[in-house]
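Listed below are the residues making up each chain.
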Amino acid sequence: MAGCCAVLAAFLFEYDTPRIVLIRSRKVGLMNRAVQLLILAYVIGWVFVWEKGYQEMDSVVSSVTTKAKGVTLTNTSQLGYRIWDVADYVIPAQEENSIFIMTNLIVTMNQTQGLCPEFPDKRSICESDANCTTGSSGTYSSGVSTGRCVPFNKTMKTCEVAAWCPVENDEEVPKPAFLKAAENFTLLVKNNIWYPKFNFSKRNILPNITTTYLKSCTYDAITDPFCPIFRLGKIVEYAGHSFQDMAVEGGIMGIQINWACNLDRAASLCLPKYSFRRLDTRDIDHNVSPGYNFRFAKYYSDPSGAEHRTLIKAYGIRFDIIVFGKAGKFDIIPTMINIGSGLALLGVATVLCDVIVLYCMKKKYYYREKKYKYVEDYEQGLAGEMDQ
Amino acid sequence: MAGCCAVLAAFLFEYDTPRIVLIRSRKVGLMNRAVQLLILAYVIGWVFVWEKGYQEMDSVVSSVTTKAKGVTLTNTSQLGYRIWDVADYVIPAQEENSIFIMTNLIVTMNQTQGLCPEFPDKRSICESDANCTTGSSGTYSSGVSTGRCVPFNKTMKTCEVAAWCPVENDEEVPKPAFLKAAENFTLLVKNNIWYPKFNFSKRNILPNITTTYLKSCTYDAITDPFCPIFRLGKIVEYAGHSFQDMAVEGGIMGIQINWACNLDRAASLCLPKYSFRRLDTRDIDHNVSPGYNFRFAKYYSDPSGAEHRTLIKAYGIRFDIIVFGKAGKFDIIPTMINIGSGLALLGVATVLCDVIVLYCMKKKYYYREKKYKYVEDYEQGLAGEMDQ
Amino acid sequence: MAGCCAVLAAFLFEYDTPRIVLIRSRKVGLMNRAVQLLILAYVIGWVFVWEKGYQEMDSVVSSVTTKAKGVTLTNTSQLGYRIWDVADYVIPAQEENSIFIMTNLIVTMNQTQGLCPEFPDKRSICESDANCTTGSSGTYSSGVSTGRCVPFNKTMKTCEVAAWCPVENDEEVPKPAFLKAAENFTLLVKNNIWYPKFNFSKRNILPNITTTYLKSCTYDAITDPFCPIFRLGKIVEYAGHSFQDMAVEGGIMGIQINWACNLDRAASLCLPKYSFRRLDTRDIDHNVSPGYNFRFAKYYSDPSGAEHRTLIKAYGIRFDIIVFGKAGKFDIIPTMINIGSGLALLGVATVLCDVIVLYCMKKKYYYREKKYKYVEDYEQGLAGEMDQ
Numbered sequence: 001m002a003g004c005c006a007v008l009a010a011f012l013f014e015y016d017t018p019r020i021v022l023i024r025s026r027k028v029g030l031m032n033r034a035v036q037l038l039i040l041a042y043v044i045g046w047v048f049v050w051e052k053g054y055q056e057m058d059s060v061v062s063s064v065t066t067k068a069k070g071v072t073l074t075n076t077s078q079l080g081y082r083i084w085d086v087a088d089y090v091i092p093a094q095e096e097n098s099i100f101i102m103t104n105l106i107v108t109m110n111q112t113q114g115l116c117p118e119f120p121d122k123r124s125i126c127e128s129d130a131n132c133t134t135g136s137s138g139t140y141s142s143g144v145s146t147g148r149c150v151p152f153n154k155t156m157k158t159c160e161v162a163a164w165c166p167v168e169n170d171e172e173v174p175k176p177a178f179l180k181a182a183e184n185f186t187l188l189v190k191n192n193i194w195y196p197k198f199n200f201s202k203r204n205i206l207p208n209i210t211t212t213y214l215k216s217c218t219y220d221a222i223t224d225p226f227c228p229i230f231r232l233g234k235i236v237e238y239a240g241h242s243f244q245d246m247a248v249e250g251g252i253m254g255i256q257i258n259w260a261c262n263l264d265r266a267a268s269l270c271l272p273k274y275s276f277r278r279l280d281t282r283d284i285d286h287n288v289s290p291g292y293n294f295r296f297a298k299y300y301s302d303p304s305g306a307e308h309r310t311l312i313k314a315y316g317i318r319f320d321i322i323v324f325g326k327a328g329k330f331d332i333i334p335t336m337i338n339i340g341s342g343l344a345l346l347g348v349a350t351v352l353c354d355v356i357v358l359y360c361m362k363k364k365y366y367y368r369e370k371k372y373k374y375v376e377d378y379e380q381g382l383a384g385e386m387d388q
Numbered sequence: 001m002a003g004c005c006a007v008l009a010a011f012l013f014e015y016d017t018p019r020i021v022l023i024r025s026r027k028v029g030l031m032n033r034a035v036q037l038l039i040l041a042y043v044i045g046w047v048f049v050w051e052k053g054y055q056e057m058d059s060v061v062s063s064v065t066t067k068a069k070g071v072t073l074t075n076t077s078q079l080g081y082r083i084w085d086v087a088d089y090v091i092p093a094q095e096e097n098s099i100f101i102m103t104n105l106i107v108t109m110n111q112t113q114g115l116c117p118e119f120p121d122k123r124s125i126c127e128s129d130a131n132c133t134t135g136s137s138g139t140y141s142s143g144v145s146t147g148r149c150v151p152f153n154k155t156m157k158t159c160e161v162a163a164w165c166p167v168e169n170d171e172e173v174p175k176p177a178f179l180k181a182a183e184n185f186t187l188l189v190k191n192n193i194w195y196p197k198f199n200f201s202k203r204n205i206l207p208n209i210t211t212t213y214l215k216s217c218t219y220d221a222i223t224d225p226f227c228p229i230f231r232l233g234k235i236v237e238y239a240g241h242s243f244q245d246m247a248v249e250g251g252i253m254g255i256q257i258n259w260a261c262n263l264d265r266a267a268s269l270c271l272p273k274y275s276f277r278r279l280d281t282r283d284i285d286h287n288v289s290p291g292y293n294f295r296f297a298k299y300y301s302d303p304s305g306a307e308h309r310t311l312i313k314a315y316g317i318r319f320d321i322i323v324f325g326k327a328g329k330f331d332i333i334p335t336m337i338n339i340g341s342g343l344a345l346l347g348v349a350t351v352l353c354d355v356i357v358l359y360c361m362k363k364k365y366y367y368r369e370k371k372y373k374y375v376e377d378y379e380q381g382l383a384g385e386m387d388q
Numbered sequence: 001m002a003g004c005c006a007v008l009a010a011f012l013f014e015y016d017t018p019r020i021v022l023i024r025s026r027k028v029g030l031m032n033r034a035v036q037l038l039i040l041a042y043v044i045g046w047v048f049v050w051e052k053g054y055q056e057m058d059s060v061v062s063s064v065t066t067k068a069k070g071v072t073l074t075n076t077s078q079l080g081y082r083i084w085d086v087a088d089y090v091i092p093a094q095e096e097n098s099i100f101i102m103t104n105l106i107v108t109m110n111q112t113q114g115l116c117p118e119f120p121d122k123r124s125i126c127e128s129d130a131n132c133t134t135g136s137s138g139t140y141s142s143g144v145s146t147g148r149c150v151p152f153n154k155t156m157k158t159c160e161v162a163a164w165c166p167v168e169n170d171e172e173v174p175k176p177a178f179l180k181a182a183e184n185f186t187l188l189v190k191n192n193i194w195y196p197k198f199n200f201s202k203r204n205i206l207p208n209i210t211t212t213y214l215k216s217c218t219y220d221a222i223t224d225p226f227c228p229i230f231r232l233g234k235i236v237e238y239a240g241h242s243f244q245d246m247a248v249e250g251g252i253m254g255i256q257i258n259w260a261c262n263l264d265r266a267a268s269l270c271l272p273k274y275s276f277r278r279l280d281t282r283d284i285d286h287n288v289s290p291g292y293n294f295r296f297a298k299y300y301s302d303p304s305g306a307e308h309r310t311l312i313k314a315y316g317i318r319f320d321i322i323v324f325g326k327a328g329k330f331d332i333i334p335t336m337i338n339i340g341s342g343l344a345l346l347g348v349a350t351v352l353c354d355v356i357v358l359y360c361m362k363k364k365y366y367y368r369e370k371k372y373k374y375v376e377d378y379e380q381g382l383a384g385e386m387d388q
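Chains as they are written, first to last, in the UniProt record's numbering: chain A, 1 to 388; chain B, 1 to 388; chain C, 1 to 388.
No lab work stands behind these hints, which were simulated from the structure alone. Among these hints, one or two may not hold up.
Since the list gives no way to pick one copy over another, a pair counts as held whenever it fits inside one copy or between any two copies.
Stated by the list, open to error - No more than 25 Å apart at the CA atoms, straight line, and that leaves these computed lysine-lysine pairs for BS3-like:
(1) LYS215 x LYS313
(2) LYS215 x LYS122
(3) LYS69 x LYS313
(4) LYS313 x LYS52
(5) LYS27 x LYS175
All values derive from a computational prediction rather than experimental measurement.
Construct the entire structure; sequences and hints are all you get.
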């Protein structure tokens with residue numbers, strides 16, 4: 001018991017510190033301090049000031065709503081004069097983080113269930129019934145083949161299909177785009193973000209923006225960088241593309257909102273940064289379904305109760321609102337990890353200088369003698385043999 | 001060759017350890033141990049126990065499905081008695097991580113393409129044709145102006161537009177909300193999560209929940225925290241808002257599911273935690289399109305084949321299901337990084353005590369003499385000059 | 001001033017390095033080197049080679065578009081022969097990261113607003129008006145009860161409801177699935193990813209894929225791992241389920257695209273890896289709304305102007321495209337943190353060996369004497385009392 005206490009007392013009242021050789025030499029001393037300075041500069045300058053290694057990071061949680069505005073008038077032989085408003089060209093009417101604006105379309109009116117000749121292509125053109133397989137339906141066919149070869153027009157015969165008739169002719173995409181005026185439509189993006197770890201939330205409609213400003217502004221990277229209303233043509237232009245080109249076959253535009261925030265500073269300095277990128281990089285080599293399109297139908301019932309539909313192949317631009325960003329705030333853990341790692345690196349200075357002093361300098365034997373105390377294993381010293 | 005072997009042998013059979021001064025002093029010893037204890041307590045207590053620095057983290061991958069239930073009966077002069085069920089008020093019928101419940105609406109029936117007077121506001125009211133610009137279409141107009149000034153009603157004239165006629169009158173939002181009974185509708189949220197790094201997946205319908213319970217329960221933060229069926233009114237209430245207020249102009253509600261899991265413990269302890277937040281914080285100052293609404297249309301064909309539509313401006317609440325969370329599991333890398341950093345910090349104890357002992361204590365010269373061995377650069381010692 | 005300069009000079013021209021005992025012993029030396037080697041192997045082998053601790057990581061930002069293809073013919077007594085194409089079975093027509101393919105459905109045609117008997121279940125079957133509560137509407141009822149008990153058919157009476165009449169009978173799900181041929185439909189998934197930190201973007205349609213290949217290929221894990229066209233049946237099969245089973249009640253399939261990239265290597269080695277998982281794990285115990293279904297309606301107007309609708313309860317498979325992955329690229333910060341932590345761990349070798357040498361070996365007193373210099377606090381040495 002008493003022995004145990006003595007050991008504990010010895011442990012508690014002891015203080016051990018390494019014994020140091022202090023070499024007074026201009027050359028070595030300066031080198032040592034220079035190396036230490038370099039490492040210190042790295043740790044403080046790069047890790048702390050530049051990369052903010054003292055901050056804990058959090059990723060953004062976001063909610064987005066969009067609202068398009070604009071009307072346009074078109075005039076074609078098939079549809080006559082026609083007005084297009086939001087309810088006509090936004091499909092579906094609401095989505096979570098994206099909005100689709102129809103810019104071009106192929107309409108096939110008054111389709112009914114029935115039998116009709118397939119649209120001619122190299123697979124469907126036929127000479128006789130022998131060319132058509134009953135019941136088959138290829139990836140690109142509009143219906144199920146009946147096995148008969150029927151005239152498509154005066155000069156051509158194609159396989160007959162059970163389908164919504166007449167079948168769609170989507171060979172020619174209208175050019176210029178049907179709703180080319182969509183270039184001047186506007187898009188209001190409302191974005192609310194949240195950093196759960198720091199319980200910090202903010203909107204992209206900044207508190208210092210007035211209602212009057214919001215009613216009249218449109219986003220401009222230089223003059224109006226915080227206006228959340230975008231002219232569609234400008235979005236595409238900022239991404240380096242031409243709206244009229246893109247409108248023909250459709251595409252995907254990314255509206256990126258970057259909320260990189262330093263929450264150690266005032267909340268009012270945490271601002272959204274908009275950027276625009278085309279997401280469907282077109283390769284001239286890969287024109288398998290280029291652009292962006294999809295089909296939908298409006299269903300009607302005849303007075304007799306039979307159903308017919310208008311099939312629309314909608315080409316258009318889908319605007320995906322991509323919200324990303326990281327917020328940082330001072331936290332003890334990453335700070336300590338970085339300080340710990342920095343201190344360990346400071347140790348490297350001594351190791352490095354030791355190597356130079358003890359191995360490379362002329363006076364290395366002199367320094368070695370000062371630094372090291374050589375102890376021979378006494379048994380080994382006597383016998384030159386492994387002990388035991 | 002033999003020399004090389006000798007060097008290798010010397011390297012292998014050498015053991016170097018720093019020489020230590022062991023100072024037996026109560027004051028310094030206790031101080032030293034106290035500082036070491038503090039650093040150890042920080043490393044173990046804070047980094048390991050509290051922040052779980054020994055765990056690797058992974059972010060959640062999630063899939064959500066929703067299903068609303070409820071019917072209500074309304075009675076208005078415009079629509080008469082009308083029943084509203086799921087197919088009527090959920091638009092679009094299905095979405096990925098969100099569901100929109102219509103709570104209020106402005107219906108404009110029997111719109112056809114044509115010419116009609118614009119709805120009166122300060123831009124459209126006119127005295128004569130001179131006030132109307134042909135072909136223009138402002139952000140807030142319903143159609144393309146024809147340039148004529150026509151009577152809107154007995155007392156007022158507005159510019160004529162080519163539009164879906166008659167144009168919508170959305171000046172007055174019905175109050176109280178048309179489908180105010182939506183407060184009692186229920187929402188079933190099915191959520192399946194996956195932590196790819198740990199190949200761990202789980203559902204929010206917990207394995208110990210019985211079918212009978214599921215058929216009858218509704219979520220309550222205290223009594224039924226794991227019931228995945230929510231009463232819409234309660235969701236809004238938990239977020240600190242009034243459902244009836246919100247129903248009028250619409251809004252966005254976030255249903256947040258937090259899957260913070262410690263996978264070093266049993267999988268059954270990894271439980272979802274629901275919280276509710278209104279995502280469209282309303283500013284009284286910023287009433288540019290407050291709440292949440294969008295327009296959609298139902299298209300009909302007349303017996304004659306002409307198309308007409310019913311335009312609906314739908315106000316409602318979009319419920320965004322936001323799934324987040326991080327799972328942690330023991331991993332050697334973060335453990336080692338934190339141990340390494342902790343050890344480096346322990347070194348700080350020695351540095352700190354050295355500073356006190358060697359610079360602040362009365363007996364500092366005595367201790368310094370013991371710790372340091374001063375070595376003069378012998379050339380410098382002789383000549384006081386910089387060596388080569 | 002001169003004193004200050006002297007101190008600065010002393011500081012600058014000083015070089016301190018710990019004094020080392022160099023013990024020449026085979027046993028201790030070998031042990032020391034072995035421990036050092038182990039720690040070095042861990043730091044280099046595990047942290048750097050295996051876990052790529054020298055890389056900064058970034059999470060993927062992604063954009064997805066999908067396109068389904070396929071037609072099928074069905075023949076039932078209710079609907080007769082009917083062709084189903086993309087516009088019929090994809091609902092809604094476009095979504096951001098998912099696509100719903102209807103595989104089964106319950107159609108209730110010609111519903112109008114009115115009064116009719118509720119569909120019989122244990123809540124709605126009645127004997128007399130006393131069993132029916134006026135104005136009530138339960139979670140599972142189709143309408144608002146009028147309080148009357150009316151005959152449902154010749155043998156049964158149910159409570160009358162104000163509803164879309166006739167009410168839906170969804171007791172029996174068609175089996176096999178109505179659109180069972182959906183197994184052979186194909187799905188083209190176009191995915192464009194971006195790593196913002198490294199400004200690296202790529203598509204899942206790889207640059208070395210030819211258009212001819214794209215027109216004819218279908219994904220196969222072994223023969224065509226980079227073909228972005230999936231046969232629906234195969235997706236479900238890869239996830240270990242039966243398409244025909246799943247088609248009956250619907251479900252959620254996850255198409256997971258993993259973009260784990262090492263950006264220190266060539267960009268062409270950054271490839272998508274597809275995997276498939278069923279997201280709505282079915283529990284036999286929990287059959288509260290199993291599978292995946294939702295209701296939507298097509299609205300028609302009668303020649304008289306009255307509205308009727310066709311209600312469709314759509315069962316089907318929702319394909320969620322889940323894109324995840326992390327890219328790594330060399331960065332100085334994590335490298336330094338790991339080196340720092342590794343160096344600190346190397347220090348552990350000395351501590352470990354010291355413990356063995358100074359406490360466990362027979363010659364421990366001999367070694368201790370060499371390593372330590374004992375310094376007694378001189379006052380304490382004289383008086384045995386605490387100083388001051």
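Results for each hint:
Taking the closest pair of Cα atoms, LYS215 and LYS313 come within 25 Å of each other only across two copies (20 Å); inside a single copy the shortest separation is 34 Å, beyond that limit. In the homo-oligomer, the alpha carbons of LYS215 and LYS122 lie at most 25 Å apart only across protomers (14 Å), although the nearest pairing inside one protomer, at 54 Å, exceeds that limit. For the homomeric pair LYS69 and LYS313, the shortest alpha-carbon distances inside one copy (22 Å) and between copies (13 Å) are both at most 25 Å. For a Cα distance limit of 25 Å, the shortest separation of LYS313 from LYS52 qualifies neither inside one copy, at 51 Å, nor across copies, at 48 Å.
When the C-alpha separation of LYS27 and LYS175 is checked against a cutoff of 25 Å, the pair qualifies neither within a copy, at 78 Å, nor between copies, at 86 Å.
Against the hints set out earlier in the document, violations occur for numbers 4, 5.
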